[in-house]
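Trainee: For the record, the sequence lines run as chains A and B.
In terms of my numbering, the first sequence opens at residue 1 and continues consecutively.
In terms of my numbering, the second sequence opens at residue 1 and continues consecutively.
Mixed in with the good hints there might be a few duds.
As the list claims (entries may be wrong) - Here are the simulated DMTMM-like cross-link-like pairs (lysine to aspartate or glutamate), alpha carbons at most 25 Å apart as the crow flies:
1. A/K264 / A/D338
2. B/K244 / A/D338
3. A/K223 / A/D211
4. A/K264 / A/E216
5. A/K223 / A/D266
6. A/K244 / A/E216
7. A/K223 / B/D12
8. A/K264 / A/E238
9. A/K244 / B/D266
10. A/K264 / A/E318
11. B/K223 / A/D211
12. A/K223 / A/E328
To be verified - Have a look at the derived ranges for each label pair, beta carbon to beta carbon:
13. A/A249 / B/A335: 22 to 30 Å
14. B/T8 / A/E216: 30 to 38 Å
15. B/P363 / A/A347: 33 to 41 Å
Rather than coming from a laboratory, the hints here were simulated on the basis of the structure.
All figures in this text were calculated on a predicted structure; none of them were measured in a lab.
No residue lacks a Cβ here, since even glycine has one placed at the ideal position from N, Cα and C.
Each chain, written out:
Number of protein chains: 2
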Amino acid sequence: MSAGPAPTLGPDATIGILGGGQLGRMLVLAAARLGLKCHVFCPEPQSPAFDVVRRVTEADYTDRAALDRFAADVDVVTYEFENVPAETAAFLSARTPVLPDPNVLAITQDRLAEKRFVGSLGIATARFAPVDAPAELAAALEQVGRPAVLKTRRFGYDGKGQVAIHNGSDAQTAWRAIGAQPAILEVFVPFEREISVVAARARDGRVECFDVTENEHRDHILKISRVPADIPAAVAAEAQRIAKAIVEAFGYVGVLAVEMFVVKSDGEHTVLVNEIAPRVHNSGHWTIDGASVSQFEQHIRAIAGWPLATPVRRGRIEMINLLGAEVEDYRQWLAAPDAAVHLYGKASTRPGRKMGHVTRVWPSR
Amino acid sequence: MSAGPAPTLGPDATIGILGGGQLGRMLVLAAARLGLKCHVFCPEPQSPAFDVVRRVTEADYTDRAALDRFAADVDVVTYEFENVPAETAAFLSARTPVLPDPNVLAITQDRLAEKRFVGSLGIATARFAPVDAPAELAAALEQVGRPAVLKTRRFGYDGKGQVAIHNGSDAQTAWRAIGAQPAILEVFVPFEREISVVAARARDGRVECFDVTENEHRDHILKISRVPADIPAAVAAEAQRIAKAIVEAFGYVGVLAVEMFVVKSDGEHTVLVNEIAPRVHNSGHWTIDGASVSQFEQHIRAIAGWPLATPVRRGRIEMINLLGAEVEDYRQWLAAPDAAVHLYGKASTRPGRKMGHVTRVWPSR
Chain A
1 MSAGPAPTLG
11 PDATIGILGG
21 GQLGRMLVLA
31 AARLGLKCHV
41 FCPEPQSPAF
51 DVVRRVTEAD
61 YTDRAALDRF
71 AADVDVVTYE
81 FENVPAETAA
91 FLSARTPVLP
101 DPNVLAITQD
111 RLAEKRFVGS
121 LGIATARFAP
131 VDAPAELAAA
141 LEQVGRPAVL
151 KTRRFGYDGK
161 GQVAIHNGSD
171 AQTAWRAIGA
181 QPAILEVFVP
191 FEREISVVAA
201 RARDGRVECF
211 DVTENEHRDH
221 ILKISRVPAD
231 IPAAVAAEAQ
241 RIAKAIVEAF
251 GYVGVLAVEM
261 FVVKSDGEHT
271 VLVNEIAPRV
281 HNSGHWTIDG
291 ASVSQFEQHI
301 RAIAGWPLAT
311 PVRRGRIEMI
321 NLLGAEVEDY
331 RQWLAAPDAA
341 VHLYGKASTR
351 PGRKMGHVTR
361 VWPSR
Chain B
1 MSAGPAPTLG
11 PDATIGILGG
21 GQLGRMLVLA
31 AARLGLKCHV
41 FCPEPQSPAF
51 DVVRRVTEAD
61 YTDRAALDRF
71 AADVDVVTYE
81 FENVPAETAA
91 FLSARTPVLP
101 DPNVLAITQD
111 RLAEKRFVGS
121 LGIATARFAP
131 VDAPAELAAA
141 LEQVGRPAVL
151 KTRRFGYDGK
161 GQVAIHNGSD
171 AQTAWRAIGA
181 QPAILEVFVP
191 FEREISVVAA
201 RARDGRVECF
211 DVTENEHRDH
221 ILKISRVPAD
231 IPAAVAAEAQ
241 RIAKAIVEAF
251 GYVGVLAVEM
261 FVVKSDGEHT
271 VLVNEIAPRV
281 HNSGHWTIDG
291 ASVSQFEQHI
301 RAIAGWPLAT
311 PVRRGRIEMI
321 NLLGAEVEDY
331 RQWLAAPDAA
341 VHLYGKASTR
351 PGRKMGHVTR
361 VWPSR
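One chain only, chain A, in its complex shape (with noise of 0.2 Å):
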């Protein structure tokens, strides 16, 4: 059952995002830039995104008479994470447009089919194995080579449910320490970089991408990205034709991000998928400033129906994420020139908690 095409929506229509985090909140932001308006529905009470809506939902994911009114509130329905449950997604989907469509849901919460589908692209990953038992462990190391990383085939994010596996390690510790659930084994990759794209497909086909960002990374958890990425011009064309191939394929609505490793052997460049974000990406965020366009507009702009814009990039750019209590230091970026500050409003710091970013753009390409 679905609830048919999505419409064009008019400048009065109501968007409902699931998911009150700060990319939500940045969604809401946007939306409300173009006159529309934005309803949030998120199980936790002080999520960011309800200080920006005058509509909100608070209750669980499963709850299916407040999902029912939510659905009969808006427009259409989209999301700022990618660990929407899949029953949610269906629920709605059959009472309100939901865009991107939940199919893609269906492959990327699952590392093993998101990997399968890259490859049936025949765009390259790392080397992985299925593992679904303790028992496949040790022919998947075999497969793939060492050292590797074990992940859990769902629910992962900013390094949860992964460990690596060294050429000392036990195989079976590291099974229990992800959880012993399903999981995917993927050789480790000496990247030169960690590179993503974000890509954002209309309904009509065209496909804006925004430039390159080359990604530092600190304990899993994004820190630092830096546009143009220090990579050679062909390397990036590559980076972008991979996205556009993804998006197209999936037939995808909406914005998308693209996390890729730079690998150097032999003097040579290749480009491996690491993972899809069927979202506005952390990564991003320096379109906020740094291009004519935002990643949180080019999505608003895709799902509404109307067209994407062209971005254009307005110098030489580093995103900063503020994570924990790196956050306290807002007044002295406040005061730094070339830097816009972004605070997410959250209500308490946790280490390693997203709790805003900076960017600071030099007009200088």
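Go by the hints and put chain B onto chain A.
Mentor: Below, chain B without anything else, positioned relative to chain A:
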């Protein structure tokens, strides 16, 4: 009675905004970027700013119980328009800090007091004379000359409350046309251009002016702003000097706009102050997309006690107001390259009503 000096806001603070139009809406969006919460107070039920905040008060500005609750809920109060009733501002000031200081309103709400204030700073205006009664009009016309403009002292905007008196006009008809109320007669200024300067002043006295904007009005309503204004550098510097002198004389905290005429006679340029708006201003909307910091964020930084940013213009800029039915062209504007589209989410379209704006930025300066 006063609530005492305004505190420096923490990142969890709430800003109270009097007025819920598009200026209030854009102030809320700027505050939200910085993690701050807003509470909007406005008598009109479908106020554009209501859509982007969780906490609203829909009540009359004279509703003391509502004002009392509003004051108790916020850390500082500001306003998006200059016609806040003096009693409202005084009532709130006794309960919570109000910025900019309501004393400024007493001057800027009265065209005569405003012109005299500007004159007291040694800054030129058009010749003017007070007209408190119809009998005074003939002498006033004798003094300032014809053609002239008769304006109500209070509550005029977008050309409302004013009428031209040409050589053949009957002065008494003009007096009745503006509603037979205390007025000011100003000689008509044969200006070469209309310009404005948007200036921000922080609590520490720092002043930051945006680049001088050239404004084109249609039927007394701003239609297009262009930056930089096509004026000699010395004239631009003089315009910014005037704006700085005014915010300093007021001991102002926040953003203020000064509208000026550039007059050319015998090859010499003169700058005359036309009007002061003690608030963010339509001619500063270009700063959202065209500068490294917007007028809205500068205002929020100033009233929060946070450091001002140094605005850097991103290129040559044109800001076009979408008035009345012009907003129906929003899809064409969305598809136009270099165009950033802003819609205000207003429920109904009326001729001349400000429904949105478009900013075009060409990175070449």
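Trainee: Could you run down the list of hints and mark each one as holding or not?
Mentor: Do the hints match the structure? See the list:
1. A/K264 / A/D338: violated, 33 Å
2. B/K244 / A/D338: Roughly 23 Å separates the two Cα atoms, so the pair holds.
3. A/K223 / A/D211: Holds - the C-alpha atoms of A/D211 and A/K223 are around 18 Å apart, at most 25 Å.
4. A/K264 / A/E216: holds, 17 Å
5. A/K223 / A/D266: violated, 30 Å
6. A/K244 / A/E216: With Cα atoms ~23 Å apart, A/K244 and A/E216 stay inside 25 Å; holds.
7. A/K223 / B/D12: The hint holds at about 24 Å.
8. A/K264 / A/E238: holds, 14 Å
9. A/K244 / B/D266: Violated: A/K244 and B/D266 sit about 62 Å apart, past 25 Å.
10. A/K264 / A/E318: Distance of about 24 Å is within 25 Å: holds.
11. B/K223 / A/D211: Violated: B/K223 and A/D211 sit about 35 Å apart, past 25 Å.
12. A/K223 / A/E328: With a Cα-Cα distance of about 16 Å, the restraint between A/K223 and A/E328 holds, given a limit of 25 Å.
13. A/A249 / B/A335: 22 to 30 Å: holds, 26 Å
14. B/T8 / A/E216: 30 to 38 Å: For A/E216 against B/T8, whose Cβ atoms are near 33 Å apart, the range 30 to 38 Å holds.
15. B/P363 / A/A347: 33 to 41 Å: Once the Cβ atoms are compared, 39 Å apart, the range 33 to 41 Å for A/A347 and B/P363 holds.
The structure fails to meet hints 1, 5, 9 and 11 from the earlier list, while all remaining hints are met.
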